[in-house]
Amino acid sequence: MRPAKRIRFLAVSCALSLCMVLAAFFTPTLAFFSRRTAEESAVQTFSKSAGVGDIVTFSQQDFESRVTGDDSLSGIVLSALPDEESGILRLAGRGVSQGETIAVESLGALSFIPLTEDDIHTSFSFIPVFADSGESGDSVSVAVNLSGTQNSNPIARDLSFETYLDLPLCGVFSSLDPDGDACTYKVLTDPSNGAVTLTDTGFCYTPDGRAGSDSFTYQAIDVFGNPSAAATVTVEVLKRPADSDITYTDMGQSTAHYQAVKLAEAGVLTGERIGSESFLKPELEVTRAEFVALVASVVELPLPTAAVSTGLADNEAIPTWAQPYVAAAVSSGVVYGQKGEDGNHIFRAGDTITRAEAASIIQRAARMTADGRTLTYADADAVPSWATQAVATVSAAEIMESYPDHTIRPTAAVTREDAVKMLYETMCYLQEKGEGVLGN
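Quick note, the sequence shown lines up with residues -31 to -1, 1 to 409 if you use mature numbering (1 follows the signal peptide of the UniProt record, and there is no 0).
Derived from the structure by calculation, the hints contain no laboratory data. A virtual CB, placed ideally from N, CA and C, is assigned to each residue, including glycine.
Computed spacing ranges between beta-carbons, pair by pair: (1) Asp283 / Ala211: 41 to 49 angstroms; (2) Gly280 / Leu157: 53 to 61 angstroms; (3) Ser41 / Thr376: 38 to 46 angstroms.
With these hints in hand, go ahead and build the complete structure from the sequences.
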């Protein structure tokens, strides 16, 4: 069963024959959502839409249905009003003012009156007041959109993930909007054997200590207030292998935490241990030498048994620990180097690797066949011609993910967190073929 980037992260359960790699690699050195935690309640942002010139009405349910947490809404305090050239808010026929408090039972009398016959995209904000905890510190935005053009509903995708009993899982929701509108998300039903909370970029699911399958549903809502049908997030909660105990202190709400643990279990990539805590330093950039060594480990390139030159003009600049991996990559056709000013091929071991370079190395190392796909990313023109097919192939295989703005950013540096995601997906891609560190 192949895990997919963002859409599914189903890991492989199998016996591992491990060889710890790159111990010297990490030397020890000292929105869309209103946030909530398990202890506090909040209100999610939402939108209302109508046709051009129409009055937009609100209901008590519009506000109460967006409450997350156990507290109940008792009212709101208006913190910002709509653009006055677009329209005005009225309560039971009268104007309202910034700072005014509206009781929850009066919210059904709230309406937006347009002042123009043009399309309107505006918003107002409020601070929720809860029955038990009082005012929330977070202001909540309500978008108001009036348009003469029919707008389609977004499509929320079913997602599948995997995690361990003791490892909270953070992920991102996924949806497709036919009109290209941005979407916010709402949890519709809670999981049975854990808790889910919203984050700035998605959600975090915390198991309650029971292994097995769990699920919850969510909904995508576009800027016009059009909702998607419910989609399901399925989480497989597993018991850790007896020899697995790593949890990264600095991965927090990273969506790559589980993948990082799996790479450590496979002996591909370990962070650093300080006392009883493990650290990955996910924001640090990865060098070309480091990335080649990691990929060589995932695909199990045969390493030379004795000291050997890489044959590259800058061989002496390649760290001693990395030379066997680079030599193996060169001899296997994974790395060619590039021509320097003197015409000789160099590797640039200490340079930060770019996403385009990473895609090319992965494609060749995993022996992925290019099929002539056309790049459709917003910044497709920025992909170097030599990397076009590699980026298309690797992203189609869900090894390299795009950004929320539908860009691929080929010249961006690869961070350790980025590398973890790519390596994990490559490892699982090869496992399906019976190859690589998990395939034997």
